[in-house]
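**Q** For reference, the chains in residue letters:
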Amino acid sequence: MSAPAGDMFSPAARAVAAEMGLSMGRANLEVFAETLLALARGDRDLLVVTSDSRGSGKLVGFGQTLPDQHIEVGIAEQNLVGIAVGLAAAGKRVFAVSPACFLTARALEQIKNDVAYSDHPVKLVGISAGVSYGALGSTHHSLHDLAALRAINNLDIVVPADNVETAAAVRAAAAHGRPIYLRFGKAPQYTLPDGDGPFEIGRGRILAEGRDVAFIATGEAVIHALQAGRALSAEGISCTVVSVHTIKPLDVQLIRRVAQQCRAVVTVEEHSVHGGLGEACAAVLMQAGIDVGLQIVGIADEYTLTGSQADIFAHYGLSMESLAQTARRLLIARDKGRRHEPGPGNRSKHVSHESDPLQRRRPAHSQSRAGAPPALPPSGMG
Amino acid sequence: MPETMAPPELELRRKSVQYRRRVLEIIKHAGAGHTGGSLSCVDILNVLYNRILRVSPQTFSDPHRDRYIQSKGHSVEALYVVLADRGFFPESELWTLCQRGSHFVGHPTRKVPGVEHNTGALGHGLSVGVGTAIAGKLDRADYRVFVLLGDGELAEGSNWEAAMSASHYRLDNLTAIIDCNLLQITGRTRDVCCNEPLDAKFEAFGWEVRHVDGHSIEDLIEVLSYRPEGRPLAVIARTIKGRGVSFMEDVAKWHHGVPNDQEYQAALAELDAQAARLEEVAV
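Protein chains in written order, with the numbering used here: chain L, 1 to 382; chain B, 1001 to 1283.
Next up, chain L with everything else stripped away, as it sits in the complex:
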């Protein structure tokens, strides 16, 4: 089932991508399926298990080409994970594939006990993750998966950003000796710059380096952060952009280093603002005593807006324009030595004020002292 996709990139964002020489690739989902088939052709013990999700997972071709290496369990995610574990216990290399929303909620106990606690190196693949399903609604969104899975011991979490990271992540997962969760969406992705090195589980990739703002992003939100960084550079604001494709184990050293080199950090993820990359970074920075302005941009803790993935990204501040605006606000607040106003990432007034104890405690008159940011260029979002 699908709903209107919408355009993930504004004309301005597309212009920035063109200026950077970035080309539009395919959906990470397609690259996943293609890479898996290539691996499986040479490895009879590599199996894929689906829960009526072969179509959603672009795995119809896999099943037709290698029928003995495809196990179908029907619409039964708990059974999907349990069977994957039983196969892995018998020495198979198993990819269990299902929409992230169902896989990581319906089968959470199987993931916790049968995969992670029992220590079987199953490769859990959450497809059409985040808000990929857009207007199909919250039943189909996975905005909880990183938070839920981060708290489970013995499970690595990888969220590739583009086709290159996806292919590398799938290959790495196939050879990985530990339980692992891969997560990606179904929309076509720009191919990111090479950055400072090849994909390696547990090691973030620096895509751009600057001294003012560090965008620490993960998955398919990285491109928007990269575009925002580029847009800001035209204003003389230099930005670091990091693809933190591995949420666990987190590249703590890299996060500390890029934060120390900048005045403000914006974390960006297609996930709830609770429990994902942003809070993980906040914990790292606070515990390291790194004093830097920080804004966690993600999906607010509220009944999610109905709309396409593009609508939801724009509404919750994950577009290039909103991310650039958030960074400007952070810098202004930082330079004034005052606490910053909530950025567009927390644009839901109800939620941001309720959930921010600092704002609740602030006397009413200080709202004006905090000051509105100066006039800004049009965001280009119409």
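To give an idea of the interface, some chain B residues facing chain L are shown, with a C-beta separation under 7 Å as derived from the structure:
1) Asn1118
2) Ala1121
3) Ser1127
4) Val1130
5) Gly1131
6) Ala1135
7) Ser1158
With a straight-line Cα cutoff of 27 Å, these simulated DSS-like cross-link-like pairs (lysine-lysine) come out:
8) B:Lys1111 - L:Lys248
9) B:Lys1028 - B:Lys1111
10) B:Lys1253 - B:Lys1028
11) L:Lys248 - L:Lys112
12) B:Lys1201 - B:Lys1137
13) B:Lys1111 - L:Lys112
In case anyone wonders, no lab produced these hints; they're calculated from the structure. Note that beta-carbon positions come from the ideal geometry of N, C-alpha and C, so glycine has one too.
Got chain L; can you put chain B on it based on the hints?
**A** Frame of chain L; chain B shown alone:
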């Protein structure tokens, strides 16, 4: 031992009494444990590990070994006691049950030699067994996979997902044994959430079903030796929770009751009397 006078399977009958005694000893020592359920499945484990399963400490990493998954993980004391007797680890380690830093957790973990899968949350073992049985089919291996389920556990819907897959994939290398003691922590399974008739349910899911007295060594050997063709086997083993200690039998409060000193001595005396009677018959 005068073989001609001995009742059938005297050695295993002796073991069942010894296992029950040891289960009580380690639960008393730990001050915790699932007494009723462990006593109810002792004879099943006895027969599996001493007559049926092709597995030993030496062959535990052999890909062709038979597998046993204890989905009703709370009856872990019975499993630990039988594994110790089979030489998977020294008996002395049993006394570390639930002690600080011990691998002998209050539910099975693979850190204990001989344990195939970590269990404790109910409704997980059958799917894992299905997966390993499918792998056996893919590899044309001849190992069998046994999964022990509680009758109360069958309220977990995941069991029925697994049951559908098992018949869909014609897993005649998979046997589910239901330790059907008719009790769960709250009371009668029939009163908590009735799952009867179990045989008709499994048959409707495409399984072959056999009933057995879950405390008859001879009958358990016979039914667990049977290999169906083209479909999985469900063995409904009628058992008595707390079996072997009169005041624990068929009483829900002994689900995880730990005997006080008086009860403990009375229970051991009953088991010792059973052991003595076996020797009288043997002579």
